[in-house]
Amino acid sequence: MVLHFWAYQRGQVMNSVKKVKKRNINNVAYLFVLPFVIVFLVFNVYPVLRTLQLSFTSYKGYGKIDYIGFANYIRVLKDKFFWRALGNTANIWGVNIIVQLGLALLLTIVFNDIKYRIKGLSIFRAIFYLPNLIATTSVAFLFKTLMDWRFGTFNQLLIKLGLIDTPVDWLGSTKTAPYVISMIGAWMWFGNSFILLMAGVQGISRDYFEAATIDGAGRWKIFTKITMPLLRPILLYVTVTSAIGGIQMFDIPFLVSGGTMGNPSGKLQTAIMYLYKFGFETYQVGYASAVAYIIFLIILVVSILQFRLYTRKEDR
Amino acid sequence: MKLKKVVSLILALTLCLSLAACGKNDTSTNAKNDTKKDTTQSTKGNEDNADGTSSAELSGRLVVWTLANDLKDFADRFMEKHPGVEVETIVIAPADYPTKVQSALLGGAKEPDIIVGEPQMLPDMFDAGFFEDLNQAPYNAQDYADKIVDYVWKVGQDENGIQRAISYQITPAGIFYRRDIAKEVFGTEDPEEIGKLFKDYNTIIETGKKLKEHGYRIFASDGEMNYFSGDTPWVVDGKLNVDQARYDYMDLCIELYQKDLTAFASQWSSPWYQAMAGEVPILTADTNVWDEEELAKASENAEKTEVFAFGLPSWGVLIMRDNYGETAGKWGICAGPAYGFGGGTYIGISSNSERKELAWEFVKFCTLNDETLEWWIEFSEGDIVSYIPVLEKYADYENPMYGNQKTYAFWLKQAEGIDYSKVTRYDKVIGDAWGAAITAIKTGQMSREEAINQFYDTVQSTYPELIIER
Chain Y
1 MVLHFWAYQR GQVMNSVKKV KKRNINNVAY LFVLPFVIVF LVFNVYPVLR TLQLSFTSYK
61 GYGKIDYIGF ANYIRVLKDK FFWRALGNTA NIWGVNIIVQ LGLALLLTIV FNDIKYRIKG
121 LSIFRAIFYL PNLIATTSVA FLFKTLMDWR FGTFNQLLIK LGLIDTPVDW LGSTKTAPYV
181 ISMIGAWMWF GNSFILLMAG VQGISRDYFE AATIDGAGRW KIFTKITMPL LRPILLYVTV
241 TSAIGGIQMF DIPFLVSGGT MGNPSGKLQT AIMYLYKFGF ETYQVGYASA VAYIIFLIIL
301 VVSILQFRLY TRKEDR
Chain A
1 MKLKKVVSLI LALTLCLSLA ACGKNDTSTN AKNDTKKDTT QSTKGNEDNA DGTSSAELSG
61 RLVVWTLAND LKDFADRFME KHPGVEVETI VIAPADYPTK VQSALLGGAK EPDIIVGEPQ
121 MLPDMFDAGF FEDLNQAPYN AQDYADKIVD YVWKVGQDEN GIQRAISYQI TPAGIFYRRD
181 IAKEVFGTED PEEIGKLFKD YNTIIETGKK LKEHGYRIFA SDGEMNYFSG DTPWVVDGKL
241 NVDQARYDYM DLCIELYQKD LTAFASQWSS PWYQAMAGEV PILTADTNVW DEEELAKASE
301 NAEKTEVFAF GLPSWGVLIM RDNYGETAGK WGICAGPAYG FGGGTYIGIS SNSERKELAW
361 EFVKFCTLND ETLEWWIEFS EGDIVSYIPV LEKYADYENP MYGNQKTYAF WLKQAEGIDY
421 SKVTRYDKVI GDAWGAAITA IKTGQMSREE AINQFYDTVQ STYPELIIER
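Note that the protein sequences, when read in sequence, are chains Y and A. Residue 57 in the working numbering sits at position 57 of the first sequence, and the numbers go up by one each step. Residue 205 in the working numbering sits at position 205 of the second sequence, and the numbers go up by one each step.
What the hints contain is simulated information worked out from the structure, not anything from laboratory work. It should be emphasised that the depicted structure is a prediction, and the values quoted were computed from it without experimental measurement. A portion of the hints provided could be inaccurate.
To be verified - Simulated DEER-style distance windows between Cβ atoms:
(1) A:Ala137 with Y:Ser138: 47 to 57 Å
(2) Y:Leu34 with A:Gln267: 21 to 31 Å
(3) A:Thr99 with Y:Arg308: 36 to 46 Å
To be verified - Straight-line C-alpha distance at most 20 Å; calculated EDC-like pairs for lysine to aspartate or glutamate:
(4) A:Lys330 with A:Asp180
(5) Y:Lys64 with A:Glu159
(6) Y:Lys80 with A:Glu465
(7) A:Lys209 with A:Asp248
(8) Y:Lys80 with A:Asp457
(9) Y:Lys60 with A:Asp96
We put the CB at the ideal spot given by N, CA and C, even for glycine.
Sequences are here, hints too, so could you generate the full structure?
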């Protein structure tokens with residue numbers, strides 16, 4: 001009994017020592033995360049809350065702050081140019097993601113072909129990723145020069161090859177300019193998607209592919225029945241991040257069109273260029289904040305929809 | 001074990017503190033430096049001479065944020081004259097300038113000490129309180145009012161008539177033309193006679209056609225008459241105002257473009273600057289400008305052109321000086337189809353500055369100093385200053401870079417027609433929207449009616465407070 005009591009007492013003491021130790025360790029750990037928390041609060045949480053506050057005001061970036069309720073939000077939703085900018089963004093991003101993912105998928109299939117193993121994957125991977133490392137300003141300038149109506153190399157090349165007779169105003173025509181931006185985006189980002197998809201495919205056991213080949217499955221069957229279903233999480237990640245980035249598209253169209261008007265005829269004005277025009281050119285900071293929140297809500301809805309779409313497919 | 005814990009605690013604390021310390025340390029060091037500088041700056045016997053120069057020996061540091069390289073030249077000159085002063089000049093593109101100043105000053109930054117603005121930027125910057133009140137002591141700017149051209153003085157005032165900025169220049173617009181081409185095509189290079197070739201938009205088209213017949217192009221871009229366009233402000237009493245002169249300008253741009261009378265360069269693009277230096281290729285579909293051999297061959301076959309004229313304000317002399325290359329000395333300046341003007345750098349002191357006295361010395365040095373402004377006229381090859389004593393002195397100045405033309409007398413005459421009441425805070429966005437409408441029509445993207453409607457819609461969307469009557 002005594003022994004038992006002693007053992008019980010010892011157990012209790014040990015437990016409380018453990019608890020004390022645990023608590024101390026936790027406190028020290030808080031200090032380690034403190035720098036991040038401070039940075040997060042100052043640079044993330046504060047601007048987000050401040051923007052929300054300003055979206056209900058007519059603040060001009062200076063002077064006093066007058067609250068005007070939901071007037072800014074109503075103005076955004078009623079403005080056809082906001083919807084046009086959003087449509088332009090969807091148009092440019094839509095074509096971009098099809099080309100970008102299509103190209104990345106094609107290359108993934110080629111590089112993973114079980115029969116024709118292509119050597120030098122790491123070199124190709126680096127080459128494909130290179131456009132991503134060039135500064136966006138340089139990319140914009142490069143394409144502006146290449147695609148120039150009268151000076152551009154691209155037109156000269158097409159004329160030399162006999163594909164066109166007269167130069168095409170790629171960046172000045174409403175029919176072509178948005179898709180030039182899409183192609184620039186695809187060119188810049190397909191390497192990134194390729195690396196992610198390759199990592200995804202390499203994570204799939206080779207046994208599946210070998211078994212399928214032995215069972216007589218062709219390339220298309222293997223791709224649709226094995227590769228694609230198992231790649232779904234990676235595809236979800238790539239499309240969600242690309243959609244978020246796409247809705248926030250700004251630098252390339254801004255630099256190529258040379259301002260927030262998004263010429264030709266406003267076809268290159270994206271949602272963020274619209275926001276920038278009000279926030280930084282006309283100092284309607286309150287209105288620009290409301291635009292920012294509406295864009296944020298749109299990104300949220302798009303992301304949720306994409307998650308739903310992919311998880312449902314997975315459930316089946 | 002204990003030691004490990006202590007070490008990790010110290011490390012974590014250092015990490016946290018270093019974050020907070022970064023900003024704090026900076027400001028405290030800055031403040032310390034500033035106090036140190038403030039005590040050393042400028043004020044040994046701060047008595048002003050009649051011409052605005054200070055007899056004091058100046059020392060200290062100044063930070064200038066400006067829009068172009070001109071203030072950099074002024075700053076170098078200032079340091080030359082006052083070896084004890086160090087001026088750091090940062091040039092920021094006009095499109096980004098107001099935002100950068102706004103972020104810095106609203107964030108409480110003590111630097112820059114000197115800020116500037118173009119006329120259309122000033123109303124917002126004055127409203128925001130970025131510019132120091134120069135009427136108060138020790139500046140007493142009103143004492144110099146009669147030394148500066150009247151309209152420049154007024155543009156530097158806020159809506160309560162308080163002086164907040166002063167410009168060293170006036171900016172009437174004119175047409176810079178090639179004398180050699182004028183002589184060849186029109187038989188004269190006299191500015192009066194050449195001015196008649198630009199007297200109205202119809203004549204400009206005729207002049208353009210004649211030049212084209214001789215293998216030249218009248219302009220590099222179709223926007224060269226922009227500085228002369230519009231008789232009245234874009235906004236009058238809260239109402240959008242599109243006068244007939246705006247429509248006439250639109251028609252001119254469309255005609256110049258569609259009749260191939262220009263070299264198809266965009267203003268401020270590399271080919272546009274290149275056209276100041278001489279030949280540019282006529283860019284037809286079958287000329288590969290990237291193939292040197294082919295380009296040379298094309299040049300032999302006369303598939304090239306030279307541009308006759310550029311429409312620019314008086315500060316265009318600086319642009320010309322930096323770009324005319326081999327065509328130096330071949331230029332003249334004549335009047336455009338109307339009185340025009342554009343830009344102008346207005347210099348003031350940041351209300352946050354802790355070195356205001358030294359900053360005021362710099363402002364006076366750039367705007368109210370005979371010696372500086374005479375030097376500037378020579379250095380800039382004929383920029384036109386706003387300081388009346390020097391203006392009068394140079395009234396008969398013959399500019400050797402422009403065939404000994406009396407450019408000062410010419411610009412002064414053009415300046416008589418400057419009407420700065422045309423400048424509004426809406427000019428940039430409305431001007432851009434009008435430009436977009438012109439481009440849409442001339443390239444055939446939209447019908448005239450569609451493009452003009454889109455223009456009205458854009459203005460309405462951007463400034464809902466404006467009344468728009470279509």
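Results for each hint:
no.	hint	verdict
1	A:Ala137 with Y:Ser138: 47 to 57 Å	holds, 51 Å
2	Y:Leu34 with A:Gln267: 21 to 31 Å	violated, 53 Å
3	A:Thr99 with Y:Arg308: 36 to 46 Å	holds, 39 Å
4	A:Lys330 with A:Asp180	holds, 6 Å
5	Y:Lys64 with A:Glu159	holds, 18 Å
6	Y:Lys80 with A:Glu465	holds, 17 Å
7	A:Lys209 with A:Asp248	holds, 18 Å
8	Y:Lys80 with A:Asp457	holds, 9 Å
9	Y:Lys60 with A:Asp96	holds, 17 Å
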